[in-house]
Structure formats: C-alpha cells, structure tokens
Amino acid sequence: MSFQHFRLSDVVTPLPQHIHASPQVPVQQFQAANTNNTFPTNQTPVQASSAKAPYGSGDTDDGYTLVFPDLAAFHEWRQKEEEAQMVEFVKGDTHGSKAVPPRFKDHTKLVCARHSRSGRKKYVKKHPDRVRKVPSRKLEGEGCGASISFKTYYDTEEVRACYISQHSHEVGLANLPYTRRGRKAAVEQEKQKSRKQAKVSHPSSAGGSNSQNATASTSTTQSKEQFSNAISMLAPLPAPYQPAIDPALPGPSGYTYPQPARPAPVPELTLSSLSNDRWENMATPF
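Start counting the sequence shown at 1; every next residue gets the next number (UniProt numbering).
Errors might be hidden in some of the hints.
Said to hold, decoys possible - Pairs of lysine-lysine residues, derived as DSS-like cross-links and limited to a Cα-Cα distance of at most 27 Å, are as follows:
id, residue 1, residue 2
1, LYS109, LYS98
2, LYS151, LYS191
3, LYS91, LYS109
4, LYS151, LYS193
5, LYS91, LYS184
6, LYS109, LYS125
7, LYS98, LYS80
Said to hold, decoys possible - Label pairs and their calculated CB-CB ranges:
id, residue 1, residue 2, range
8, ARG181, TYR154, 49 to 55 Å
9, ALA72, ARG181, 48 to 54 Å
10, SER194, LYS105, 45 to 51 Å
11, ARG183, GLU76, 31 to 37 Å
12, SER194, ASP62, 50 to 56 Å
13, ASP106, GLU81, 16 to 22 Å
14, HIS127, ALA185, 23 to 29 Å
15, ALA185, GLU158, 32 to 38 Å
16, PRO69, PRO102, 29 to 35 Å
17, SER194, LEU66, 42 to 48 Å
18, ALA99, VAL131, 36 to 42 Å
19, ALA99, VAL124, 41 to 47 Å
20, ALA174, ASP62, 29 to 35 Å
Since the hints were derived computationally from the structure, they do not count as laboratory data.
The beta carbon of each residue, even a glycine, is placed where N, CA and C say it ideally should be.
Just need the whole structure built from these sequences, with the hints factored in.
Dropping the structure here:
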C-alpha cells in the first residue's frame, strides 16, 4: 500500500457526544453578535445635584436667619441681648464682598469679649505675687465661641444676622465683672466707699480746723498789740482830737465836759544858747 492512494476524506472519525448536542454557530455570526453587544439605553438619567448658592446670595442657607429692617433695629436687639445675658460683644472683623457685582456691602463679625486672642502673645506678669481685684476675662484654650455676624446691602437697608448663642462660660451675674458695664459699676462702688470714709473723718478734721483758727486769731491779736506797743515806745501818739466847748453854753443835764489838757511849757532860749548854735552852724561848711 502506497501513501499516494491515502485520502483524508476517506477517514471518518466519530465525534464526541457533547459536541453533537451543542448547536454549531458560524464564526462570522458570533463575531457580529460580539460587536453589537451594548449597554441598554432604557436606564433612568441621573439628575444633577443642586449646587450650593454663591456666597452672599443664600443667607438663609448660611445661617443668617435673623432679619432686621435697618441697622438701628439690629443694634437695639443686640443691646437688649447683652443686657439680658450680661455679656458683651466686641468687633472682631469687617470686610466687603469681593464678587463682581458685590453680593453685600459689609460683613461684620462681633465676638464675645471673652474670646480667644490667638494672634497675641500671652502676657507674662512682672509681679506674679500681686493679686488683681478683678480677675482676667481671658479664658484658657480656645476661649468663648459665641458670635454675631451680620451683613448690610447696597440696594436695601435690610440687615441679616447669624447668631451663635452658645457661650463657653457662665452668663448672668457671674459674668458681669468681665463686661464694661460691670467695670463701671465697680468704679462707682469704690468712689462711694471713699466718700463714706471722708464723711466719717470729716467731724474730727472740722474740730481740729476750729482750734487752729482760734489759735491763729489769738496769735494775730497778740502780734497787733506788740506792734502798737513798739510804735508807742518810739514816738508818743498824738492826743485824741477834742472839740472846744464853751463852758458858758448850757450842756445837757447830767453831763460834764472834760477839762482840756494844758499844753506842754516851751523851753526858754537864752542868748548864750543862741550864740553857741550860730557858731556850730557856721563851722559846719568848713
């Protein structure tokens, strides 16, 4: 048997049973099915999530829920809140809108007076042994986080505010010494105490001043008497003037006029005394 007469078509090999059971699919049809296999298009479209409104336009969403007709009404409410809670708010920061066009005019933040001062160095006492009458209002750590932020606008007088009312310290009478009103009350109390002490010590000082005045008046009277005595010793004082009264005229009944004093006798000049005086006067020029 030669290999020239061998043909492949004559050899038939039996196929396995699992191949007979599966359907035969053409290769070209399989490739076409793979190229046309895509995701279904009947899915529900995803809706875009609502983005946050620009800064300054959505005040209600940002927490600016307090609305006031004007700035005066806002400050009136703030003052009442400070008096009711016995706290104090001070200005912390102010800035305007950087958007074009601007969304608000001014944004101001008021912070509690006992807030933290992160930008400042801690004060070191020069005399640690000294005790302050009023303790420091600074709180260790982060401080008080209560604040009031408000915005003003160009096109309206309306004011919107955001109030964070949670204080990290006690409010009421315990916090009054740390406010400006409490410090003023303490100063007035010190003034009243000093006035009361001055009134208590006033009677003794008044008695001492009276005795000093009496001593001064006595010494003044004595000095006047000594001065008059010294003057009288240097030169005799002239006799008091008395009008001449005619004794012939009747005077009032029961009254006697004093007799006028006789003048002092004039010394008699002799010729010898006159001549001596002349020679003395002539000798003076020579």
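| request: Please flag the earlier hints that this structure goes against, numbers listed from lowest up. | output: 2, 4, 6, 7, 8, 9, 11, 16 and 18
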